[in-house]
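Peer 1: Assemble chain B onto chain A, guided by the hints.
So the protein lines, in turn, are chains A and B. Heads up: the first sequence begins at 1 in our numbering, then just goes up one per residue. Heads up: the second sequence begins at 304 in our numbering, then just goes up one per residue.
FYI, nobody ran anything at the bench for these hints, they're computed from the structure. All clues given are correct.
Keeping only pairs whose Cα atoms sit at most 16 Å apart, straight-line, the calculated EDC-like set for lysine to aspartate or glutamate is: (1) B:K309 <-> A:E268; (2) A:K50 <-> B:D596; (3) B:K456 <-> B:E498; (4) A:K56 <-> B:D559; (5) A:K11 <-> B:E323.
Please read these numbers as outputs of a predicted model, since none were measured by experiment.
Each chain is listed here by its residues.
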Amino acid sequence: MIDTKRLTHLKQLEAESIHILREVVAEFDNPVMMYSVGKDSAVMLHLALKAFFPAKLPFPLLHVDTGWKFKEMIEFRDKRAKEEGFELLVHTNPEGVEKSINPFVHGSAVHTDIMKTEGLKQALNKYKFDAVFGGARRDEEKSRAKERIYSFRDKNHRWDPKNQRPELWSIYNSRVHKGESIRVFPLSNWTELDIWQYIYLEHIPIVPLYFAKKRPIVQKDGIKIMVDDERVPLEEGEEIKEEMVRFRTLGCYPLTGAVESSATTLPEIIQEMLLTKTSERQGRVIDNDSAGSMEKKKMEGYF
Amino acid sequence: MSILEKKIAADIESYLKEHENKELLRFITCGSVDDGKSTLIGRLLHDSKMIFEDQLAAIKKDSKKSGTTGDEFDLSLLVDGLQSEREQGITIDVAYRYFTTDKRKFIIADTPGHEQYTRNMATGASTADLAIILIDARYGIQTQTKRHSFIAKLLGIKHIVVAVNKMDLIDFSEDVYENIKKEYLSFAKDIELSEDITLIPLSALNGDNVVDVSQKTPWYKGETLLHLLENIEIGSDRDLVHFRLPVQYVNRPNLDFRGYCGTISSGIISVGDNITVLPSKKSSKVKEIVTYDGNLEYAYAQQAITLTLEDEIDISRGDTIVKSDEQPDSANAFDVNIVWMSEEPLLKHKSYLIKRASSVVAGSIKCFYYKTDVNTQEHQSANLLNLNEIGHAQLELETSLAYDPYIKNKAMGSFIIIDRVTNNTVGAGMITQKSQTDSKTKAPEYGEFEIELNALIRKHFPHWEAKEIF
Chain A
1 MIDTKRLTHL KQLEAESIHI LREVVAEFDN PVMMYSVGKD SAVMLHLALK AFFPAKLPFP
61 LLHVDTGWKF KEMIEFRDKR AKEEGFELLV HTNPEGVEKS INPFVHGSAV HTDIMKTEGL
121 KQALNKYKFD AVFGGARRDE EKSRAKERIY SFRDKNHRWD PKNQRPELWS IYNSRVHKGE
181 SIRVFPLSNW TELDIWQYIY LEHIPIVPLY FAKKRPIVQK DGIKIMVDDE RVPLEEGEEI
241 KEEMVRFRTL GCYPLTGAVE SSATTLPEII QEMLLTKTSE RQGRVIDNDS AGSMEKKKME
301 GYF
Chain B
304 MSILEKKIAA DIESYLKEHE NKELLRFITC GSVDDGKSTL IGRLLHDSKM IFEDQLAAIK
364 KDSKKSGTTG DEFDLSLLVD GLQSEREQGI TIDVAYRYFT TDKRKFIIAD TPGHEQYTRN
424 MATGASTADL AIILIDARYG IQTQTKRHSF IAKLLGIKHI VVAVNKMDLI DFSEDVYENI
484 KKEYLSFAKD IELSEDITLI PLSALNGDNV VDVSQKTPWY KGETLLHLLE NIEIGSDRDL
544 VHFRLPVQYV NRPNLDFRGY CGTISSGIIS VGDNITVLPS KKSSKVKEIV TYDGNLEYAY
604 AQQAITLTLE DEIDISRGDT IVKSDEQPDS ANAFDVNIVW MSEEPLLKHK SYLIKRASSV
664 VAGSIKCFYY KTDVNTQEHQ SANLLNLNEI GHAQLELETS LAYDPYIKNK AMGSFIIIDR
724 VTNNTVGAGM ITQKSQTDSK TKAPEYGEFE IELNALIRKH FPHWEAKEIF
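Isolated chain A (complex conformation) (with noise of 0.2 Å):
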């Protein structure tokens, strides 16, 4: 039994989070929190609204868009802009936009490369910001469980993996030299259990996506495609079927795998995630590619 001055594995969890991201706003000039619109992007605006209470959040939400996200999560982003008040800026490459780079036609490394890393990178120069928050979490994959929860990056947005600064009990390293910035991983220590545990506890609001529901469908390279707007190529053999499905993870839609599924409500997704045992990035094109492909994005300065 856990007595009344004792805290929770998520309380805990809870504290070491609001205790990062008010680190980060006291000690920097200019601190932006990504917005990715996903579950781990809930979670972390939601812990962000708890360290500043009753205050609103004393910095803007950056989220990069490729212009291939789900049209739900566009929606569900302004509608929470609204309802929390806080600052969204928004950035598309706009040379991406103007060769028209498309998942479908350029393949994922392209369209990741200009629209994801290069429009991040963009953005953060033209903003100039010294801390930028992600909500990476340490259990996703193996490359970030050496990752720290202070990630040094250098003027280009570098990560070196051996050039981390060291990091000890909850004292975080804030000084960086001018162009230099640090990006910092509240949810570090969170699993994926974590999140959805949390999310259900809290009512943290998602995107409906996370859900199972009828959607169009279509199959590509084994790989279920939802037809969200009229740019999906249909090849030869390809048709679009009405599914039972739900996503485990969110991204660009072309590049983002449905999976089969009846989970309607939060404890039904958490059963399904606990019976069959997949990790959730699977469903993620990027991935895949090679050993360490998520090591290389990184130290290009993917996040």
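Peer 2: Chain B alone, transformed into the frame defined by chain A:
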């Protein structure tokens, strides 16, 4: 389907209810690749079903490429993270792993055992409640075993588990195990390691005494490793008596609200308590304990809170809020233990930035008392500290700081050292006491009767606001 999976399938809501109230245990694993450390962690993750199918498939693929266990899949590949490390075949940094059981959520700080990586172990140990020190049963206590134990003591880890691994390779011999146990406990006594030490004979490769009780060690009457991790009492490690709130951030959304935010490092605070702010020594009363989920009547160690006070007094980041009837000492010169983490040596009289809780102050080393050889635990004279060296020194700060010794209060007694030019974190330190040469007079010593009487008065007449004496 396992029992757990059946339970999840049958009634997810009650499963969630049970899992809301789990505790968190952080531990560190110390040992080299050869001790089977990665295999042990892989075993814990595997047997507690934290390995996903696609990860397992990837490991099986990788095992053929770089594995060291032949045809069987190599559990250690699960935990050896970065690509550059995998190519070298060693883990070179602190990696964090997560797993959960019905009873607890666990965070493992996985640190390498090679000599040059003292700083990594110190990093992993700084947040750990418990340390698992691996010993290869064939070789017994090695230099590195002593090194790991010494660093665990230095960082104040309260619970030590010695995993005597590879018992399968010595036919699960009770004699060998008992000899190792005797020798280790005697060494632990010499270095004044924690009181709470448990030794477990196991085989990470085959799973003996890791999750399930081994049939091959009928002479061993103790717990399995997982049973110990799930049940060891850690709640009483916390100090709920001495209230300390390092002020992190002052929240002023409008003229009517001024809240002081921070994480309580120890103790309990209630609405109406008399508080004093250090170093200014201004006093007030707690008006509200504000959180997003509603105001609290009281709050305790580890909670991240916002306090408002009855009076408008000037408080800023770096100050410490304490209870008026029990205040910590202040000083500007401290005896400290330092772990040096930079290629550039630590020099006397050079100015560094010292970050302790939410305070950042300039400071320098006035003198070195000695450095400790991590392998032999011998003291040697020192004029500087090189990378991975551990020393005892006098640190002088430009301003004075309210503090507690590290062994009493980690947050109030720990700091990092930052290079003023490169901005890198170059060292970590722990306050043992204020320096005797400090200009302030030494605290008077009290007799046993006086200390007991003082405790009674503080308990029964709190409104007298008597100061705690030691």
